[in-house]
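One line per chain: the protein sequences are A and B, in this order. For what it's worth, the working numbering labels the leading residue of the first sequence as 1, then goes sequentially. For what it's worth, the working numbering labels the leading residue of the second sequence as 117, then goes sequentially.
It is possible that some hints are incorrect.
Said to hold, decoys possible - Label-pair distances were calculated between CB atoms; the ranges are:
id: 1; chain 1: A; residue 1: Asn-113; chain 2: B; residue 2: Ala-135; range: 21 to 31 Å
id: 2; chain 1: B; residue 1: Arg-191; chain 2: A; residue 2: Asp-98; range: 32 to 42 Å
id: 3; chain 1: B; residue 1: Ser-184; chain 2: A; residue 2: Gly-89; range: 54 to 64 Å
id: 4; chain 1: B; residue 1: Gly-168; chain 2: A; residue 2: Thr-66; range: 46 to 56 Å
id: 5; chain 1: A; residue 1: Lys-84; chain 2: B; residue 2: Gly-205; range: 51 to 61 Å
id: 6; chain 1: B; residue 1: Ser-211; chain 2: A; residue 2: Leu-107; range: 19 to 29 Å
id: 7; chain 1: A; residue 1: Asn-20; chain 2: B; residue 2: His-216; range: 15 to 25 Å
Said to hold, decoys possible - Restricting the straight-line Cα-Cα distance to at most 30 Å, the calculated cross-link-like pairs of lysine-lysine (BS3-like) are:
id: 8; chain 1: B; residue 1: Lys-151; chain 2: A; residue 2: Lys-35
id: 9; chain 1: B; residue 1: Lys-151; chain 2: A; residue 2: Lys-115
id: 10; chain 1: B; residue 1: Lys-151; chain 2: B; residue 2: Lys-134
id: 11; chain 1: A; residue 1: Lys-18; chain 2: B; residue 2: Lys-231
id: 12; chain 1: B; residue 1: Lys-151; chain 2: A; residue 2: Lys-84
id: 13; chain 1: A; residue 1: Lys-115; chain 2: B; residue 2: Lys-200
id: 14; chain 1: B; residue 1: Lys-231; chain 2: A; residue 2: Lys-35
id: 15; chain 1: B; residue 1: Lys-231; chain 2: A; residue 2: Lys-84
id: 16; chain 1: B; residue 1: Lys-134; chain 2: A; residue 2: Lys-84
id: 17; chain 1: A; residue 1: Lys-18; chain 2: B; residue 2: Lys-200
id: 18; chain 1: B; residue 1: Lys-151; chain 2: B; residue 2: Lys-231
id: 19; chain 1: B; residue 1: Lys-151; chain 2: A; residue 2: Lys-18
Read the hints as simulated data drawn from the structure, not as lab findings. Glycine included, each C-beta is placed from N, C-alpha and C at the ideal position.
There are 2 protein chains.
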Amino acid sequence: MTTCDHEELHHLAAEAAKANMPGEEDVGRVASVFKAISEPSRLKILFALRQGEMCVFHIVEAVGGTQSAVSHQLRILRDARMIKARRDGQNIVYSLADEHVLAVLELTCAHLNCKI
Amino acid sequence: MTTCDHEELHHLAAEAAKANMPGEEDVGRVASVFKAISEPSRLKILFALRQGEMCVFHIVEAVGGTQSAVSHQLRILRDARMIKARRDGQNIVYSLADEHVLAVLELTCAHLNCKI
DNA sequence: TTAATATATGAACAGTTATTCATATATTGA
DNA sequence: TCAATATATGAATAACTGTTCATATATTAA
Numbered sequence: 001m002t003t004c005d006h007e008e009l010h011h012l013a014a015e016a017a018k019a020n021m022p023g024e025e026d027v028g029r030v031a032s033v034f035k036a037i038s039e040p041s042r043l044k045i046l047f048a049l050r051q052g053e054m055c056v057f058h059i060v061e062a063v064g065g066t067q068s069a070v071s072h073q074l075r076i077l078r079d080a081r082m083i084k085a086r087r088d089g090q091n092i093v094y095s096l097a098d099e100h101v102l103a104v105l106e107l108t109c110a111h112l113n114c115k116i
Numbered sequence: 117m118t119t120c121d122h123e124e125l126h127h128l129a130a131e132a133a134k135a136n137m138p139g140e141e142d143v144g145r146v147a148s149v150f151k152a153i154s155e156p157s158r159l160k161i162l163f164a165l166r167q168g169e170m171c172v173f174h175i176v177e178a179v180g181g182t183q184s185a186v187s188h189q190l191r192i193l194r195d196a197r198m199i200k201a202r203r204d205g206q207n208i209v210y211s212l213a214d215e216h217v218l219a220v221l222e223l224t225c226a227h228l229n230c231k232i
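Given these sequences and hints, build the entire structure.
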């Protein structure tokens with residue numbers, strides 16, 4: 001690969017792509033959002049929280065796995081601002097961070113023709 | 117953790133969550149779609165292809181990295197049906213698989229308030 | 001204060017993944 | 001057919017990620 005004598009059309013697209021490419025930082029931010037919802041165990045937690053807020057005990061009940069594993073995943077989802085937590089006595093009650101989270105999930109599934 | 121004497125409300129949510137939890141297979145399918153677009157290098161390729169179809173040479177030019185690395189990522193995006201390819205002489209020309217891909221990207225960015 | 005419950009977390013390990021390097025395949029022009 | 005160009009790919013390595021195990025923290029009830 002040294003040069004590419006391809007049609008001028010594609011070259012212009014490449015120029016435009018380079019010019020309009022978001023910075024590393026922005027790309028990373030978008031990627032990290034998708035990454036947060038790209039793991040089955042985390043996705044299950046989000047699906048579970050569609051029903052409303054729940055404490056860890058019940059999340060574990062709903063999604064399976066160990067308390068520790070779920071707790072670690074909750075931390076990741078929380079860091080990604082997809083869920084929020086509040087303490088209620090001995091329990092920590094989790095819920096979806098805002099309506100955008102669910103919207104992204106459902107819109108994506110609809111667009112990609114996933115029956116969820 | 118043995119029992120959870122939490123409010124009945126949360127318990128009902130847990131029951132509903134378990135009942136409405138999609139099967140392992142469906143969750144995995146959704147997760148794999150998100151995974152395909154959760155890596156910065158792949159995300160850049162998709163952003164580049166917003167401008168229109170491009171051959172590998174120009175994609176490399178637009179997103180950076182080596183030809184080999186880009187080619188590997190193109191394979192992954194193609195396997196995930198997010199991009200499609202056609203041969204044009206010596207070149208392979210790639211483009212977004214359909215309008216849904218772009219829609220998901222843009223909707224997500226809009227919802228998450230990412231200026232992309 | 002002590003015991004029990006609920007949740008979080010650090011370290012270690014296993015599995016996964018992105019990149020690199022070398023090389024292979026395919027197309028074109030001479 | 002041969003050389004050059006464009007792209008793909010297998011293997012190896014390094015980095016990352018999810019789970020487990022043991023343990024720590026925080027709250028409540030006794």
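Structure versus earlier hints - violations, ascending order = Of the numbered hints given earlier, the structure breaks none, since each of them holds.
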